[in-house]
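Protein chains in written order, with my numbering: chain A, 1 to 113; chain B, 1 to 112.
Rather than coming from a laboratory, the hints here were simulated on the basis of the structure. Careful, some of the hints might be misleading.
[Stated by the list, open to error] Below, a list of computed lysine-lysine pairs in the DSSO-like style, where the Cα atoms sit at most 30 Å apart:
1. B:99 with B:56
2. A:57 with A:101
3. B:71 with B:99
4. A:101 with B:99
5. A:101 with B:5
6. B:56 with B:111
7. A:9 with A:101
8. B:54 with A:9
9. B:71 with A:9
10. B:54 with A:101
11. B:68 with B:99
12. B:71 with B:54
13. B:56 with A:101
14. B:68 with B:54
15. A:9 with B:68
16. A:57 with B:99
17. A:9 with B:56
18. B:56 with B:5
19. B:71 with B:5
20. B:111 with A:57
21. B:68 with A:101
22. B:5 with B:99
23. B:99 with B:111
24. B:5 with B:54
25. B:56 with B:68
26. A:57 with B:54
27. B:5 with B:68
28. A:9 with B:5
[Stated by the list, open to error] One-sided and incomplete, this derived list gives chain B residues near chain A with beta-carbon spacing under 10 Å:
29. 14
30. 15
31. 18
32. 62
33. 79
34. 81
35. 91
36. 94
37. 96
38. 99
Just so we're clear, the structure is a prediction, and the values are computed from it rather than from any experiment. A virtual CB, placed ideally from N, CA and C, is assigned to each residue, including glycine.
These are the residues of each chain, in order.
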Amino acid sequence: DSGVTQTPKHLITATGQRVTLRCSPRSGDLSVYWYQQSLDQGLQFLIQYYNGEERAKGNILERFSAQQFPDLHSELNLSSLELGDSALYFCASSLQGHNEKLFFGSGTQLSVL
Amino acid sequence: DQQVKQNSPSLSVQEGRISILNCDYTNSMFDYFLWYKKYPAEGPTFLISISSIKDKNEDGRFTVFLNKSAKHLSLHIVPSQPGDSAVYFCAASNTGGFKTIFGAGTRLFVKA
């Protein structure tokens, strides 16, 4: 158990809808990362937060947004969903936010039908 | 732009032999490298890391080698065990950059 909790584990929705993925980091970790893994693809970096502030951005679509709350949990919001957004979304956390190992949750499998 | 590349999608090795997984990177600013292992239906788990000030780091059966001039790193698993069968991701980050960039992964099969 990595200590990182992601909910829900599975999400099935329709095109055009909006969903929210939730992540609780490991106790004591200040940084949260979001990654997207499409079928047989690597982990695509989306966005990173550190202690409530956005720290780095990757290839995150404008339809996607995220935030980290004062209690350090994070949410990833995906809107105007398209079929191609179907993927496994991972959250990870780390203590400081750079040059250290990340602890991953077990992911949220999103299926857009 | 794929800054971290794992060009072998899969690798098959006999139990007891050495597994060598390779990774190339393009960004010379990367100064910290990691390997993760991922089983189906689980998140990736950290395996081993290396700082750019070193060229080798060892942890039990796992050794990571870094060749900065070639922008290449490799993970050696000796001896390979059936339980090592998983997807292995190479990752890289840099001081101040805050992003950790992952490769596409290599699926390792260790045959008993």
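Cross-check of the supplied hints:
no. : hint            : verdict
1   : B:99 with B:56  : holds, 23 Å
2   : A:57 with A:101 : holds, 18 Å
3   : B:71 with B:99  : holds, 18 Å
4   : A:101 with B:99 : holds, 12 Å
5   : A:101 with B:5  : holds, 19 Å
6   : B:56 with B:111 : holds, 27 Å
7   : A:9 with A:101  : holds, 23 Å
8   : B:54 with A:9   : violated, 39 Å
9   : B:71 with A:9   : violated, 37 Å
10  : B:54 with A:101 : holds, 17 Å
11  : B:68 with B:99  : holds, 19 Å
12  : B:71 with B:54  : holds, 13 Å
13  : B:56 with A:101 : holds, 17 Å
14  : B:68 with B:54  : holds, 10 Å
15  : A:9 with B:68   : violated, 39 Å
16  : A:57 with B:99  : holds, 8 Å
17  : A:9 with B:56   : violated, 38 Å
18  : B:56 with B:5   : holds, 20 Å
19  : B:71 with B:5   : holds, 11 Å
20  : B:111 with A:57 : violated, 40 Å
21  : B:68 with A:101 : holds, 20 Å
22  : B:5 with B:99   : holds, 16 Å
23  : B:99 with B:111 : violated, 35 Å
24  : B:5 with B:54   : holds, 21 Å
25  : B:56 with B:68  : holds, 11 Å
26  : A:57 with B:54  : holds, 29 Å
27  : B:5 with B:68   : holds, 15 Å
28  : A:9 with B:5    : holds, 29 Å
29  : 14              : violated, 25 Å
30  : 15              : violated, 25 Å
31  : 18              : violated, 24 Å
32  : 62              : violated, 14 Å
33  : 79              : violated, 25 Å
34  : 81              : violated, 22 Å
35  : 91              : holds, 8 Å
36  : 94              : holds, 7 Å
37  : 96              : holds, 7 Å
38  : 99              : holds, 5 Å
Hints 8, 9, 15, 17, 20, 23, 29, 30, 31, 32, 33, 34 from the earlier list are contradicted by this structure; the remaining hints agree with it.
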